[in-house]
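Quick note, the sequences are listed as chains A and B, same order.
1 is the number of the first residue of the first sequence in the numbering used here; add one for each residue after it.
71 is the number of the first residue of the second sequence in the numbering used here; add one for each residue after it.
Read the hints as simulated data drawn from the structure, not as lab findings.
Even glycine gets a Cβ: it sits at the ideal position worked out from N, Cα and C.
None of the hints are false.
Rough simulated footprint, nothing fancy, chain A against chain B, three-plus residues with beta-carbon under 8 Å: (1) 170 to 176; (2) 179 to 192.
Residues from chain B shown here face chain A by an in silico Cβ test under 8 Å; the list is partial: (3) Gly129; (4) Asp410; (5) Asn411; (6) Tyr417; (7) Gly418; (8) Val419; (9) Gln421; (10) Gln425; (11) Pro426.
If you want the ones that stay clear, here's a sample from chain B, every Cβ over 10 Å from chain A, calculated: (12) Ile160; (13) Asp195; (14) Arg234; (15) Phe236; (16) Gly263; (17) Asp275; (18) Met296; (19) Leu337; (20) Pro341; (21) Val370; (22) Pro444; (23) Pro451; (24) Gln454; (25) Lys467.
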Amino acid sequence: MNLVVDQSVCIGAGLCVLSCAEIFDQRESDGIVTLLRAQVPDELSDSVIGAVRRCPSGAIRIEQPEAVSK
Amino acid sequence: MSVTPSEAPEFPLPRTCPLDPPELYKSVRASGGRHLVKMWDGKPSWIFTRYDDVRAILGDNRFTTVPGTPGYPMLSAAREAVLQLPPAFIRMDPPDHTRLRRMFTREFMVKRIEAMRPKIARLIDDLYDKLAAKGQTVDLLSEFTLPMTSTVIAELLGIPPADREFFQEQSQRKLMLDVSPDVPREASAKLLGYCEAVIREKERDPEAHDDLLGRLIIEQIRPGHMTREEAVIHADLLTLAGHETTANQIALGTLNFLQNPDQKQKLVDDPSLLKGAIEEILRYNSIVQFNGARVALEDVDVNGQIVRKGEAVFALILAANRDPEIFDDPDRFDITRKADNHVAFSYGVHQCLGQPLARLEMELVFSTIFTRFPDLRLAVPAEQIRFNEHHMVYGVKELPVDL
Chain A
1 MNLVVDQSVC IGAGLCVLSC AEIFDQRESD GIVTLLRAQV PDELSDSVIG AVRRCPSGAI
61 RIEQPEAVSK
Chain B
71 MSVTPSEAPE FPLPRTCPLD PPELYKSVRA SGGRHLVKMW DGKPSWIFTR YDDVRAILGD
131 NRFTTVPGTP GYPMLSAARE AVLQLPPAFI RMDPPDHTRL RRMFTREFMV KRIEAMRPKI
191 ARLIDDLYDK LAAKGQTVDL LSEFTLPMTS TVIAELLGIP PADREFFQEQ SQRKLMLDVS
251 PDVPREASAK LLGYCEAVIR EKERDPEAHD DLLGRLIIEQ IRPGHMTREE AVIHADLLTL
311 AGHETTANQI ALGTLNFLQN PDQKQKLVDD PSLLKGAIEE ILRYNSIVQF NGARVALEDV
371 DVNGQIVRKG EAVFALILAA NRDPEIFDDP DRFDITRKAD NHVAFSYGVH QCLGQPLARL
431 EMELVFSTIF TRFPDLRLAV PAEQIRFNEH HMVYGVKELP VDL
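With the sequences and hints as input, model every part of the structure.
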């Protein structure tokens with residue numbers, strides 16, 4: 001699973017960090033979301049899906065890759 | 071469900087059981103989810119009670135929060151008086167909202183708030199010691215939750231904690247609904263005057279103030295990104311929202327645990343349930359009882375029901391949090407359930423800025439209060455507890471307990 005975040009839409013609530021701190025962080029300047037990794041390992045998919053649902057502004061999007069690459 | 075404006079029930083609706091939302095929400099939710107209501111001035115509004123609809127509305131910027139919008143639903147004359155004052159970002163739309171809110175998001179990010187943990191833990195311990203030293207019935211609201219939350223927000227903002235009783239009382243008065251408009255007007259004027267004095271004092275040497283308002287002066291007011299008037303309005307918002315809400319949430323949550331000793335015992339026996347318990351308290355005892363008020367800026371299809379341009383809505387977080395489609399047996403208080411998808415902090419771009427702080431304070435209290443005071447119990451029969459029915463923020467008027 002690949003992730004994309006829209007920093008212009010993010011309100012810095014940090015719920016993504018609470019859901020999955022291995023993937024999401026907040027930047028120092030204003031608490032807006034940054035991705036620690038764009039590619040999500042399988043064992044974190046559930047918590048990432050939770051983060052997408054909890055995000056109050058819809059700033060996180062899951063992109064399905066067209067072809068699986070190793 | 072077709073209801074003419076003259077038949078529509080008056081909003082706010084009364085509660086039957088103080089720890090549950092108004093009964094009418096149940097039947098509305100079961101039959102379409104929306105209903106027409108009448109405001110104090112006779113004007114109509116929709117209420118939406120279903121979780122999916124509430125989230126859809128709160129997440130949709132085609133609904134405005136600006137109170138000056140024609141048709142905006144006013145809860146009372148007192149509320150209208152407050153909403154006529156210049157707003158903070160809470161009652162602005164993007165892009166104004168975005169610009170101003172972003173000036174504060176750094177201060178409330180998860181790791182910044184987390185760094186406050188040891189200090190708040192110590193404050194709570196000190197307050198526990200004071201309670202224990204009394205050796206008599208105490209009011210957990212005025213003697214514990216309010217002093218705790220108001221001290222925390224005062225220190226974060228850089229307001230003298232010694233002034234907390236002043237701003238506590240004025241904040242309370244500002245949020246009253248069933249009073250003459252002069253009451254919140256005067257309270258608001260006092261709070262704004264106070265915040266202005268605090269800011270002007272800091273402006274003399276802002277670098278000497280390692281606090282939110284000091285940083286706001288240096289980074290926003292001085293370079294001209296924010297006017298002093300805006301800063302005063304926002305200092306007022308953060309002071310009020312930073313203490314009044316969480317103090318009531320914790321008191322209400324404590325009452326709930328005392329009424330549900332099996333849940334209390336579960337938490338004591340298994341501290342790993344803490345985070346889930348906090349979310350369940352937020353879901354079950356949502357304190358912000360009359361939000362979110364919005365007006366449609368254009369026709370909007372809300373999951374198949376059209377709201378016309380200019381119509382008012384309440385996307386009721388209180389109702390959404392008891393939706394049986396989302397929460398199994400929703401009127402049961404159960405700290406083991408998954409409740410983190412509640413909308414107690416609202417949803418959309420206006421979702422509570424202070425939620426990391428609220429969660430931290432709740433965690434620190436609920437992980438300690440029942441072990442520090444294992445015999446904690448109500449000092450009066452539960453039926454004698456009085457509630458703030460006519461207040462923007464719900465809660466108890468007092469919580470007399472024996473330790």
